[in-house]
Amino acid sequence: MSVHLKIDNQEISVDSGTTVLQAASDVGIKIPTLCHLPDISSPGSCRVCLVEVEGARTLLPACITECRDDMVVRTTSKKAREARKLSVELLLANHPWDCNACVRNNECELQALAADMGITEVRFPYAADQVEIDQSTPALVRDMNKCILCRRCVAACSDVQGVGTLAPRMRGFDASIGTGDSEKLSDAVCVQCGQCSLVCPVGAIVEKNDICKVWEALDNPEKTVIVQTAPAIRAALGECFGLKPGTRVTGKMVAALRRLGFDKVFDTDFTADLTIMEEGTEFLTRLKKALVNKENVALPLFTSCSPGWVNYMEQFYADLTPNLSTCKSPQQMFGAIAKTYYAEKIGVRPENMVVVSIMPCTAKKFECSREEMHDSGVKDVDIVLTTRELGRMIKSAGIDFLNLKNEEMDAPLGMSTGAADIFANTGGVMEAALRTAYEIVTGDELPFENLHVKPIQGLEGLKEASFKVEKTLPDWEFLKGQTVKVAVAHGLKNAHILCEQVLSGNPEGYHFIEVMCCPGGCIGGGGQPRPTTAETRCERIKAIYKEDENRPLRKSHENTAVQELYKEFLGAPLGEVSHHLLHTNYKDRMKGNPLAHAKEE
Amino acid sequence: MKKARMHVLVPMDSAGDPCEVRQFVCRLRQELETQRMSDEIAVIETGRFGPINKGVSAVIHPDGTSYVNLTAEDAANLVEEHFVKGRVLKEKQQKGDFGEIFSPGVVLKNCGRISPDNLNEYLACDGWKGLETTLHLSPGEVRKWIMDSGLRGRGGAGFPTGKKWQSCADAADPRKIVVCNADEGEPGTFKDRLILEGDPFKVIEGMIICAYAVRASEGFIYIRGEYSLSINRIKKAIKEAREAELLGMNILGSGFSFDIRLKIGAGAYVCGEETALLNSMEGKPGNPRIKPPYPTQSGYLGHPTVVNNVETLANIPSIMENGADWFSTIGAPTMPGTKVYAILGKVNHPGLIEVPTGIPVRSLIENYGGGMKEGSSFKAVQLGGTGGDILSEEALDLPLDIESLEQAGHVLGAGALLVLDRETPIIDLLYSCMRFFVHESCGRCNVCRNGGMELYRMISRMRINEGVSGDIELLEEIATALKLSSFCPLGTSTANPILSAIRYFRSELEGCINSTAVRPSPIRNNLKLSAFSS
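Read top to bottom, the protein sequences are chains E and F. The opening position of the first sequence corresponds to residue 1 in our numbering, with each subsequent residue numbered one higher. The opening position of the second sequence corresponds to residue 1001 in our numbering, with each subsequent residue numbered one higher.
Mixed in with the good hints, there may be bad ones.
What the hints assert, rightly or not - Calculated lysine-lysine pairs in the DSBU-like style (CA-CA distance at most 30 angstroms, straight line):
id, chain 1, residue 1, chain 2, residue 2
1, E, K493, F, K1291
2, F, K1263, F, K1291
3, E, K85, F, K1291
4, E, K542, E, K30
5, F, K1003, E, K591
6, F, K1163, E, K6
7, F, K1284, E, K493
8, F, K1003, F, K1129
9, F, K1129, F, K1291
10, E, K294, E, K471
11, F, K1003, F, K1239
12, F, K1085, F, K1003
13, F, K1291, E, K6
14, E, K208, E, K493
15, E, K480, E, K493
16, E, K244, E, K405
17, E, K79, F, K1291
18, E, K78, F, K1291
19, F, K1095, F, K1085
20, E, K480, E, K288
21, F, K1284, E, K184
22, E, K30, F, K1129
23, E, K485, E, K542
24, E, K213, E, K78
25, F, K1284, F, K1003
26, E, K542, E, K480
27, E, K395, E, K288
28, E, K288, E, K485
29, E, K405, E, K288
Read the hints as simulated data drawn from the structure, not as lab findings. All of these numbers come straight from a predicted model, not from anything done at the bench.
Excised from the complex, chain E in its bound form (with noise of 0.2 angstroms):
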């Protein structure tokens, strides 16, 4: 059905259920928003949306106000104007002005606001107490004095990510948004996904800047620095520097790091290859131990890769870990290799290597800190820049990165195939251990169209394939007439979903189950450019896919740096070496101190 309506004199029709503020942009009208995040929430606290409605009492908030017929808006009016603008104006009385000196300069949805409707005066004093500034864990930083309540943040920890840890507390002026009781993120039960710090308009949450770390360790002549680049980072650093999303930025991406004084750039995809090798035959293993050994095996298997969602099983569902792969995540496993057999081969000591990752999550920070991930002797991983923090160092350095030619990165640590790119989208872990496991067991190509198993791309919250084993190699026999069961989930939300089904019996019977954590996987992770919004998700996941079709090899088992680290090094997948370097255990942090095991330095 639709409705009939006038917007500022323009007469229009929409379906019913569209909001004032869409049909006002359907016809190209952009009436301001703070609060208001797409899809997801439309709390109306913040009061910049108002319009009038003819024949309405009271201004309505457009965001959330729905077409009527008949209903005259006027965005304009002076009512309407001027309402807007007192409500930023006392926003902005409460609000500290040292944006200069503020992360979100210049990327300040609220500095952005005042700006457009002409602010020049602020006529309230500053009222708020000061609070300190909350940098108790190694992901995140919440500066309270920059909160302007539109709890968007709230809506992006309870309605995506299902976490509840911000909730708003107090009344009135006293109002703030907290984490419960306790005062510090770091003594509440917190993912450190970063979604939040994706989504505030504000500086008030941010991730924690590591940049200056990096910094000094290239400036340490002393020390060998090299770098490692998530999969989801070249699908969307180019927003950064004002490119669209989806557009691809591999080649730029190198050679700014080049430029930035690294000493090697390589590739997590190298360590993602590795990741299906270990996790394939993890799975196969578990498999044929259940099927032929008869033996009670923890499946479904779970993949790890995502350290937020291993943060989630440990605080939320440890009963269910011994489901998690023990796979450790592409990153640690970058670490541990690069601090052992890189190391090893151009002869640098450990501790006169630093490992960075750019990664597109904040969580990543985390994981590298906790006490389980010193394999290598040291800390594997040394510092976790996201990909907002390497835009901005890219930038401080004065790279024009817009003009950068493309360059390629190192040996042998850079060296993957297109199944470790798309381990950046939902979907995308399973596919490439999909493509390997198949073919390992029948000696066949996975028979899907493009090798994409088509079922479990998107950005459906759940997704689930499954496929009958008609042919094995003599090996697997046992899987002959098998049917194999997969399922896809992404937010916490939804593996939230997943967890309950397996807890109570797993009754759709699933035999391997990825779960991202942040929505649309790595490439709508915390770390990620802003704004990132389902539309960017899916740009992003585009590019992802082009970048894995052009690839000349595009199966894990495939990559020749991979196969000789296994010659050289590791032996075989799940040995000796392996299972030191690359598995990690996992924590019951369902009581106490969530976040203790953050390893401080």
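Given the structure of chain E, go ahead and fit chain F onto it with the hints provided.
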């Protein structure tokens, strides 16, 4: 049931000093015992009627003598004089029967006349007759009666009750809920409390009828935690009603089932707003919800819910007993019925009154409040509570009904009338209003949280004569914005006293401006190089 020759009705409510009244009643019972009269003279603890500033009071029936300012020491004397000798104790007598003056007999009909703890006394005073009529009608017919009666909500907003019920009944979800809003938080109002303390069965009957009309089987009374006496009385009343099969399964054999539970509020003012109340009932922070959906579409736990004020529900039994036509002829045509007011401030008889709607404030003060206190002359009245308009002499002849007030740009509010004399500065009243709102804002929406704070700070400055020229215009600007753009009625209410005070008392407020004062500059915290710089 024993029959007594005489009844002593003693209001035992939280408006008086509970200790004093308890002592008096104990002594009275002792004295009657001593005189061996306890069988023939019944002491009945009732709710309140009439003034609240007369100490411990008592009414003796059948002769109707009223006594005021009683103490425990008076008990012996009273028994000796009134019951033994049959003479009136002159020095404590109050001339006239409060009841005659103060209630035309709809909502407060039984308050102070019956024991709120005794279902039979309610029954004897025509209680449950409305329910009887109801159970012989179809739910649709009941809704039509309420619609035809023209009853509008008495909580402040004045939404037509019948319409609300119809909307809930029309919702598809079969699980429907009735909530009685007894979270009376408006400073200066205590009508709901005294209704619950004086006649809890009436509210229960109203809820049962409402539940029947919208086909609900669950009811809640959301009541302020501070109202301990109301809570006890309503608990007792619910228990008695259950025992009498007026609540529970298959009420009076009609096949209709309904029961009531209590939810105790924790004292947040905003929880009187129906959607914040529903959030609070669900155990969530008391923040208002986005409307639509309205509670009648999606209320408590997402089920269609009727939220009605105590006074609204207390009107229902009489409408069902006497018919919609009877009700619609009382008071103002656009808002028929009566309205209970808590009149307080500088009047001779502060207390609870019930009058037909449409009576102007002037008449309320003079005829029902007993006029201004000696030595004080009228300056202003704040209508409705802390979020109400402050009116001057020139607005005193406005009829008190929603439409007439709305035409004059005012709101009726929850039913408090705070009368100020010339000694009281308007700025002091505004200060206490703003302090209240700053404390009670839930903090959800920007304009109420920050705008309310700005208003409070400006008023605070003006109160010590540090107002800056331009402050009144700025007050007006922020208050207007609050009225137009706040999320819920709390923000709107914050603006009412400010805007009306500027309208009627501008020159007085201008006196708070100091021509030499300068506006505090927006001094910022020192530029701090935060942890993020690199």
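Hints and how they fare:
Taken as a hint, the E/K493 and F/K1291 pair is honoured in the structure, with Cα atoms around 26 angstroms apart against an allowance of 30 angstroms. Restraint check for F/K1263 and F/K1291: the C-alpha separation of about 23 angstroms stays at or below 30 angstroms, so the hint holds. Proposed proximity of E/K85 and F/K1291 is supported: the alpha carbons are some 24 angstroms apart, at most 30 angstroms. As the CA atoms of E/K542 and E/K30 are separated by approximately 28 angstroms, the hinted pair is consistent with the 30 angstroms bound.
At most 30 angstroms may separate the alpha-carbon atoms for a hinted pair to count; F/K1003 and E/K591 exceed this at roughly 66 angstroms. Distance restraint check for F/K1163 and E/K6: the Cα-Cα separation of roughly 29 angstroms lies within the 30 angstroms cut-off, and the hinted pair is therefore satisfied. For a cut-off of 30 angstroms, the pair hint linking F/K1284 to E/K493 stands: about 20 angstroms separates their Cα positions. Between F/K1003 and F/K1129 the CA atoms are separated by roughly 24 angstroms; this keeps the pair inside 30 angstroms, and the hint holds.
The straight-line distance between the Cα atoms of F/K1129 and F/K1291 is roughly 36 angstroms, outside the 30 angstroms bound, and the hint therefore fails. Simply put, E/K294 and E/K471 have alpha-carbon atoms about 22 angstroms apart, close enough for the 30 angstroms limit, and the pair holds. About 25 angstroms separates the Cα atoms of F/K1003 and F/K1239, which keeps this hinted pair within 30 angstroms; it holds. Of the pairs offered as hints, the one joining F/K1085 and F/K1003 holds, with about 21 angstroms between alpha carbons and a cut-off of 30 angstroms not exceeded.
Taking the CA atoms of F/K1291 and E/K6, the gap is about 22 angstroms. The hint holds against a cut of 30 angstroms. Using a Cα cut-off of 30 angstroms, the hinted pair E/K208 and E/K493 holds, with the two alpha carbons roughly 25 angstroms apart. In summary, the hint linking E/K480 to E/K493 is not supported, as the alpha carbons are separated by about 35 angstroms, beyond the 30 angstroms threshold. A C-alpha spacing of about 18 angstroms is found between E/K244 and E/K405, which places the hinted pair at or below 30 angstroms, so the restraint holds.
With a C-alpha separation of about 22 angstroms, the suggested pair E/K79 and F/K1291 falls inside the 30 angstroms cut-off, and the hint holds. At roughly 25 angstroms between alpha-carbon atoms, E/K78 and F/K1291 fall within 30 angstroms of each other, so this suggested pair holds. Between F/K1095 and F/K1085 the CA atoms are separated by roughly 20 angstroms; this keeps the pair inside 30 angstroms, and the hint holds. Between the alpha carbons of E/K480 and E/K288 the distance comes to roughly 12 angstroms, so the proposed pair stays at or under 30 angstroms and holds.
Between F/K1284 and E/K184, the direct Cα distance comes to roughly 23 angstroms. Compliance with the 30 angstroms bound is thereby established for this hinted pair. Between E/K30 and F/K1129 the alpha-carbon distance is near 59 angstroms, which puts this suggested pair outside the 30 angstroms criterion. Annotation: proposed proximity of E/K485 to E/K542 holds, straight-line Cα distance about 25 angstroms (limit 30 angstroms). This hinted pair does not check out: E/K213 and E/K78 have alpha carbons roughly 51 angstroms apart, beyond 30 angstroms.
Proximity of F/K1284 to F/K1003 is assessed by CA-CA distance (about 51 angstroms); at most 30 angstroms being required, the pair is judged violated. Note on E/K542 and E/K480: the hinted pairing is violated, with a Cα-Cα distance of about 35 angstroms set against a maximum of 30 angstroms. Of the supplied pair hints, the one linking E/K395 and E/K288 is violated, its CA atoms being roughly 52 angstroms apart against a limit of 30 angstroms. For the given pair, E/K288 sits about 15 angstroms from E/K485 by alpha-carbon distance, which is consistent with the 30 angstroms threshold.
A hinted pair counts as satisfied when its Cα atoms are at most 30 angstroms apart, and E/K405 with E/K288 does not qualify at roughly 49 angstroms.
Going down the numbered hints, you'll see the structure goes against 5, 9, 15, 22, 24, 25, 26, 27 and 29, while the others check out.
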